[in-house]
Amino acid sequence: MIARPKVLRREPPGFIVRALATGAWDAVVKLWSLGSVASGEETPLLELYDHEAPVCCVALNGSATLLAAGAEDGRLLVWDARAGGQCRPIGAADVDSSASRPVAAVDVLTTEHGERVFAAAEHGVVAEFGLDGTRLAEARAGFDVRCLKVVDGRDGLTVFAGGSDGSLAAFAWASSAPVLKYRDGGAHDAPLSALEVAARGADDAVLISAADDCTVTTWGLGYQG
244 MIARPKVLRR EPPGFIVRAL ATGAWDAVVK LWSLGSVASG EETPLLELYD
294 HEAPVCCVAL NGSATLLAAG AEDGRLLVWD ARAGGQCRPI GAADVDSSAS
344 RPVAAVDVLT TEHGERVFAA AEHGVVAEFG LDGTRLAEAR AGFDVRCLKV
394 VDGRDGLTVF AGGSDGSLAA FAWASSAPVL KYRDGGAHDA PLSALEVAAR
444 GADDAVLISA ADDCTVTTWG LGYQG
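Be aware that the sequence shown starts at 244, since it is given in the working numbering, and climbs by one per residue.
Calculated from the structure, these hints are not laboratory results.
From a predicted model like this one, the values you see are computed outputs, not experimental measurements.
Note that beta-carbon positions come from the ideal geometry of N, C-alpha and C, so glycine has one too.
Treat the hints loosely; a few may be bogus.
[As the list claims (entries may be wrong)] Restraint ranges, calculated between C-beta atoms of paired labels, are given here:
1) Ala296 / Asp455: 41 to 51 Å
2) Gly305 / Thr265: 14 to 24 Å
3) Arg378 / Cys457: 31 to 41 Å
4) Cys457 / Arg325: 13 to 23 Å
5) Gly357 / Ala441: 35 to 45 Å
6) Asp398 / Gly278: 16 to 26 Å
7) Ala326 / Pro297: 21 to 31 Å
8) Thr265 / Ala326: 16 to 26 Å
9) Lys424 / Gly278: 35 to 45 Å
10) Ser340 / Asp398: 22 to 32 Å
11) Ala326 / Tyr425: 21 to 31 Å
12) Leu379 / Asp316: 39 to 49 Å
13) Asp395 / Ala335: 37 to 47 Å
14) Gly399 / Ala442: 28 to 38 Å
Please take these sequences and the hints and turn them into a complete structure.
Pasting the structure below:
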């Protein structure tokens with residue numbers, strides 16, 4: 244599994260390198276400099292061996308300083324990548340506390356209130372965790388989740404979940420009680436494989452969903468396809 248590339252800022256000031264996180268069936272999570280990969284170097288910035296099961300999904304925050312990964316045994320781990328070679332998990336949690344179901348998707352983002360970590364278990368539990376692994380809030384998508392995207396908008400956080408049955412759901416994410424805003428059981432005719440948000444102007448954005456049958460749909464954030 245591969246996390247979307249992020250811009251990683253490092254010393255000296257002004258030097259910017261793009262970072263990429265990967266996870267694999269050998270349970271290893273790696274953080275790479277895309278500049279190094281492009282130049283043919285094969286040494287990652289970090290190699291993390293803390294998971295004990297195959298890694299299903301990975302995510303980086305916007306500055307590539309916080310890394311999260313979910314595994315087949317249901318375990319979520321969070322690392323502070325700034326620790327470099329001394330990096331150890333700063334948080335750990337079972338995404339589905341009732342069963343060891345694989346972690347289907349993770350997302351990490353930076354808000355005005357700090358770093359936020361989200362994960363979804365394969366059978367539909369969507370949860371937010373503190374950096375130390377504390378479970379902060381939980382919702383149920385009502386379908387097997389394949390992908391996850393968290394958006395920080397003017398009305399607060401919205402968590403989108405895409406399903407193996409083609410469903411799409413959106414939750415207004417309050418810290419105490421997430422509320423289902425929208426669910427479309429037929430958003431796609433095939434399992435969803437990816438969710439992303441793109442700006443459409445200074446004050447507008449769209450949600451983009453993609454499925455295994457190669458279809459792509461754009462949604463206004465009022466959830467009209």
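Tell me, which hint numbers fail for this structure?
Of the numbered hints, 1, 4, 5, 6, 11, 12, 13, 14 do not hold.
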